[in-house]
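As a plain string of letters, each chain reads:
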Amino acid sequence: MKGSALHTKVLPSLLGGTSRNPLPKDLVRPSDPTCDGTLELLSLAGQALRFERPPAPDSFLVEPEIRDERAIVEEALRRPLVRLLSAKIATEHPARALARSFDQLRLRPHSFDLPLIDDFVRSHAEKLGPTAQHWADKQKPEAETHSYLDPELLYESNWAQARLSRRATFLEQLRRDDPERARALLESTWPQEEAEARFRLLHVLQTRLGTTDQPFLTTLEKDRAPRVRGLAAKFLSRLGAGVENPALLACLERIKQGKSGMLRKRTTLELELPANVNEQSAPHWILQTFSEVSFSELAGAFRLTDEELIEASTKNESLLLALALIASSDRRLNLLELVVVHLPNAWQKMLESRLDTLGTMSESERQRWQAILVHPYGKELPPNYLFWDWLHRLTDAPAPASVMSMILKAKFLLKLPERERGSAPWLEVIAAICPAPQRQELREQFAEFDPSQTVIPLSLLDILDQMERNRTHA
Amino acid sequence: MSFTLERIEALAPDQSSLAAARKLLKPSSWPTLAEGEGLVWGECQGSGATPYRVVVSEADAGYKCTCPSRKFPCKHTLALMWMRADRSASFAPASVPEWVKDWLSRRRGPSAAAAGKRTNEDGTKPKTRPSIRATDVPEAEPEADPKAEQRAAAARERSRLEREAAVLAGLEALDTWLSDQVQQGIANFVAQAAQSCRTISQRLVDAKAPGLAGRLDALPTRLFTLPDPARPSAAIRELGQVHLIGQAYRRASELPELLAADARQAVGWSVTREDLLSDPAAARVDAKWRVFAVISEAQPDRLRRVETWLCRQGGSDGNSYYAVLIDFVPVSSGAATGGYLVGDEFEAELCFYRSTVPLRAQIATLRKGAEQSKEPVTLTNDTLSVSYTHYERALAQLPWLGTLPLNFRSATLRRNGLQLYLHDEESGSSLPLPSTQSTEALPLASVGRIDGIGLWNGYHFTLAWAETSLGRWVRP
Numbered sequence: 001m002k003g004s005a006l007h008t009k010v011l012p013s014l015l016g017g018t019s020r021n022p023l024p025k026d027l028v029r030p031s032d033p034t035c036d037g038t039l040e041l042l043s044l045a046g047q048a049l050r051f052e053r054p055p056a057p058d059s060f061l062v063e064p065e066i067r068d069e070r071a072i073v074e075e076a077l078r079r080p081l082v083r084l085l086s087a088k089i090a091t092e093h094p095a096r097a098l099a100r101s102f103d104q105l106r107l108r109p110h111s112f113d114l115p116l117i118d119d120f121v122r123s124h125a126e127k128l129g130p131t132a133q134h135w136a137d138k139q140k141p142e143a144e145t146h147s148y149l150d151p152e153l154l155y156e157s158n159w160a161q162a163r164l165s166r167r168a169t170f171l172e173q174l175r176r177d178d179p180e181r182a183r184a185l186l187e188s189t190w191p192q193e194e195a196e197a198r199f200r201l202l203h204v205l206q207t208r209l210g211t212t213d214q215p216f217l218t219t220l221e222k223d224r225a226p227r228v229r230g231l232a233a234k235f236l237s238r239l240g241a242g243v244e245n246p247a248l249l250a251c252l253e254r255i256k257q258g259k260s261g262m263l264r265k266r267t268t269l270e271l272e273l274p275a276n277v278n279e280q281s282a283p284h285w286i287l288q289t290f291s292e293v294s295f296s297e298l299a300g301a302f303r304l305t306d307e308e309l310i311e312a313s314t315k316n317e318s319l320l321l322a323l324a325l326i327a328s329s330d331r332r333l334n335l336l337e338l339v340v341v342h343l344p345n346a347w348q349k350m351l352e353s354r355l356d357t358l359g360t361m362s363e364s365e366r367q368r369w370q371a372i373l374v375h376p377y378g379k380e381l382p383p384n385y386l387f388w389d390w391l392h393r394l395t396d397a398p399a400p401a402s403v404m405s406m407i408l409k410a411k412f413l414l415k416l417p418e419r420e421r422g423s424a425p426w427l428e429v430i431a432a433i434c435p436a437p438q439r440q441e442l443r444e445q446f447a448e449f450d451p452s453q454t455v456i457p458l459s460l461l462d463i464l465d466q467m468e469r470n471r472t473h474a
Numbered sequence: 001m002s003f004t005l006e007r008i009e010a011l012a013p014d015q016s017s018l019a020a021a022r023k024l025l026k027p028s029s030w031p032t033l034a035e036g037e038g039l040v041w042g043e044c045q046g047s048g049a050t051p052y053r054v055v056v057s058e059a060d061a062g063y064k065c066t067c068p069s070r071k072f073p074c075k076h077t078l079a080l081m082w083m084r085a086d087r088s089a090s091f092a093p094a095s096v097p098e099w100v101k102d103w104l105s106r107r108r109g110p111s112a113a114a115a116g117k118r119t120n121e122d123g124t125k126p127k128t129r130p131s132i133r134a135t136d137v138p139e140a141e142p143e144a145d146p147k148a149e150q151r152a153a154a155a156r157e158r159s160r161l162e163r164e165a166a167v168l169a170g171l172e173a174l175d176t177w178l179s180d181q182v183q184q185g186i187a188n189f190v191a192q193a194a195q196s197c198r199t200i201s202q203r204l205v206d207a208k209a210p211g212l213a214g215r216l217d218a219l220p221t222r223l224f225t226l227p228d229p230a231r232p233s234a235a236i237r238e239l240g241q242v243h244l245i246g247q248a249y250r251r252a253s254e255l256p257e258l259l260a261a262d263a264r265q266a267v268g269w270s271v272t273r274e275d276l277l278s279d280p281a282a283a284r285v286d287a288k289w290r291v292f293a294v295i296s297e298a299q300p301d302r303l304r305r306v307e308t309w310l311c312r313q314g315g316s317d318g319n320s321y322y323a324v325l326i327d328f329v330p331v332s333s334g335a336a337t338g339g340y341l342v343g344d345e346f347e348a349e350l351c352f353y354r355s356t357v358p359l360r361a362q363i364a365t366l367r368k369g370a371e372q373s374k375e376p377v378t379l380t381n382d383t384l385s386v387s388y389t390h391y392e393r394a395l396a397q398l399p400w401l402g403t404l405p406l407n408f409r410s411a412t413l414r415r416n417g418l419q420l421y422l423h424d425e426e427s428g429s430s431l432p433l434p435s436t437q438s439t440e441a442l443p444l445a446s447v448g449r450i451d452g453i454g455l456w457n458g459y460h461f462t463l464a465w466a467e468t469s470l471g472r473w474v475r476p
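Chains as they are written, first to last, in the numbering used here: chain B, 1 to 474; chain D, 1 to 476.
None of these hints come from the bench; they were simulated from the model.
Note that the Cβ used here is the ideal one computed from N, Cα and C, for glycine as well.
Heads up, some of the hints might be wrong.
[Said to hold, decoys possible] Covered, in the sense of this in silico footprint (three residues per stretch, anywhere, with C-beta under 8 Å from a C-beta of chain B), are these stretches of chain D:
| id | region |
| --- | --- |
| 1 | 202 to 215 |
| 2 | 234 to 240 |
| 3 | 354 to 365 |
| 4 | 424 to 430 |
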């Protein structure tokens with residue numbers, strides 16, 4: 001039987017059924033006269049097919065060349081990393097701490113481990129370098145993929161090709177150093193930007209906002225996206241140009257101004273909540289209402305300085321919360337510090353407001369922000385996991401040394417309520433926020449727990465230590 | 001074999017077993033810890049009055065514990081290995097106690113042969129066969145009875161003849177079934193393969209032909225791993241092979257001896273380890289072996305088949321270059337490895353089951369226990385296309401050949417959609433990887449040329465080991 005006969009005569013008959021399409025008689029040659037030879041032909045056809053070489057596709061995809069100048073994580077760390085990230089971890093905090101460490105130390109996971117830690121890579125791709133970003137994008141349609149540029153390789157010339165979050169960070173940095181140049185860079189690519197990018201990048205202008213930004217902002221009054229127009233109007237309003245910020249007017253409608261004091265009359269301010277806002281929903285209403293207002297705008301509306309505004313609000317917890325949120329949004333941490341003096345439970349109130357971003361705060365600012373909120377609690381740190389979970393997710397930074405000292409000195413983990421003591425979420429979040437110099441002390445406190453409870457957090461501390469040690473020696 | 005935490009982790013059935021073992025690392029939980037003759041053993045105080053007895057062979061990670069746990073290895077075994085690995089407890093040198101000797105004499109591992117040779121100090125075989133649980137109950141050695149032995153031999157022969165007859169009857173039923181499938185059309189068979197194969201598979205189990213039964217039982221699953229258009233032609237290949245095995249079995253006397261042995265094994269006649277090791281004609285290769293793949297697959301009969309694929313190190317002298325050790329463990333045990341890890345290297349004499357393409361083997365003598373090696377695996381200089389010709393030659397020798405290892409030099413991994421191919425640039429030939437590797441092997445698509453080994457089953461090339469510019473990649 002020849003190959004052509006196999007495909008044109010035998011296979012059609014075998015596939016369709018010999019009862020309807022009998023095998024060609026000239027090909028059926030039974031070795032045994034007692035059988036009809038059909039099964040022998042089946043075996044022969046099957047064997048002939050086995051000798052056919054598998055067909056190669058006409059073309060293959062061309063893999064992009066990824067320029068990734070980060071160092072690959074040390075060989076000895078690969079297995080512990082994969083083990084930790086593929087284990088059943090109770091919370092996202094260990095992964096968050098590891099991603100942060102990868103980013104700060106300019107390390108990347110080994111390419112061969114990417115499939116094994118796929119969830120981690122997809123969740124934190126931007127912190128793991130271009131190779132990991134490329135991996136995370138592999139399942140996406142071509143149109144949604146981006147160039148894979150590392151932030152340290154980002155210049156004004158290639159800035160437009162990077163991912164949006166990287167671009168925003170780059171622009172923010174430039175804005176702090178040279179606001180004019182940053183705005184000029186933004187203006188140069190503005191016509192090509194999509195609405196989401198325009199809105200996100202325009203936010204950066206709030207850093208060192210000045211009158212020289214006014215002409216550019218004025219052109220945005222006719223932007224196609226309403227939220228871009230709104231943001232531009234807000235900035236113009238802050239500069240004293242354009243119409244008054246509508247969000248400010250809405251806030252002022254709710255603030256009652258009064259005078260108090262016997263000898264020296266002082267301004268007092270009180271925020272009146274709408275009748276349909278109850279105590280539980282009040283913090284979130286405050287966040288929504290005051291999110292588009294700046295500290296200076298609000299103080300200016302009452303003809304007060306920033307400090308006087310805080311002084312005038314001390315008797316009203318709701319307004320203090322509003323000021324704390326505005327100070328956070330404006331990155332004016334000195335003002336936040338003054339507010340928290342009168343609102344020691346600002347941490348709890350902000351958590352209740354469901355604040356979910358600290359905008360463009362740098363890591364040191366986020367750490368300071370964290371310290372400002374935690375310090376008023378002193379030895380009475382909140383034994384509520386939600387506080388710490390929210391704090392770490394929001395700041396995405398290790399705790400400042402002073403906060404960690406409070407945790408360690410108070411033996412906080414050991415004094416948690418019985419049913420929560422030693423539980424995985426608690427140990428994981430505290431291990432994840434622990435700064436490097438205090439890890440040893442934390443390990444000593446972990447020794448008080450059953451060893452099976454501390455496998456993941458201890459492993460996390462060991463890996464972080466080793467990553468930092470290796471990078472220092474490299 | 002020295003225990004390491006990585007090895008213990010790989011052996012553990014799950015993370016909770018490791019966590020439970022960690023709690024037993026205190027030496028105070030172990031009234032007895034001892035070592036001797038390549039074994040470590042101990043007694044672990046559990047919740048009951050009697051401590052659990054645990055023994056572990058350092059040569060091949062074999063183990064036994066008297067606890068009732070359904071996990072293998074149990075937490076006691078893992079804890080004993082762990083203490084050995086991190087040297088957190090001292091093991092007193094001691095002579096092997098009777099309960100450990102008993103376990104050694106019963107087990108089917110490389111140390112079993114050594115155990116079988118154990119004698120009393122006066123040179124006689126031990127008279128008692130103590131249990132691991134109770135060593136103090138002596139059993140009288142039964143006196144040899146020639147007549148009873150004769151009767152037993154006759155019964156065995158009668159049983160063999162009955163089975164031969166049952167198998168032949170089963171093959172007749174198989175032919176009828178195959179004819180029905182061909183008459184109705186193989187395309188039609190593919191659509192109802194699961195039900196159809198189950199029926200004939202059960203008939204073949206009754207006919208005492210478990211090899212063929214298992215092959216047909218697994219056929220629907222195998223077909224469904226292939227893309228839709230490839231299934232009908234794959235069904236022709238598979239059913240054709242089944243018929244071929246049946247024919248070869250019937251006409252075994254006309255075939256070369258090795259091919260006849262292959263046919264009997266394919267039908268389901270098993271060769272015991274003892275028979276294999278006592279067969280003077282069985283091929284033996286004494287060499288250094290490297291584990292390049294461990295394939296673990298749950299079978300329909302609730303057993304897990306664990307294949308440990310070995311590659312001979314230091315080159316071949318014309319004898320076997322590859323070997324596979326096959327273990328079966330209950331799926332319920334949770335154990336997924338046979339004790340060896342990919343990258344392990346050991347020195348042993350392997351005894352191969354008789355075959356025209358000898359691959360399956362047993363460890364006859366273990367000369368040096370397994371250790372993880374960082375050395376590159378020894379590969380031939382063949383390119384992928386040259387290796388493929390070896391496969392074709394082997395297929396010509398053994399028409400129902402299953403999986404064969406192929407090594408390759410300077411190949412690349414390429415993508416076409418989500419499908420990965422191992423591609424030989426020079427010849428242009430490509431072998432598709434299974435869809436299960438489309439993610440795990442994807443990083444290799446960006447590393448340029450690679451050398452390595454994999455397993456070709458006629459449909460897919462399961463990449464097992466690759467040496468690359470970024471270091472070694474092994475199948476997870």
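Violations among the numbered hints, reported as their numbers in ascending order: 1, 3
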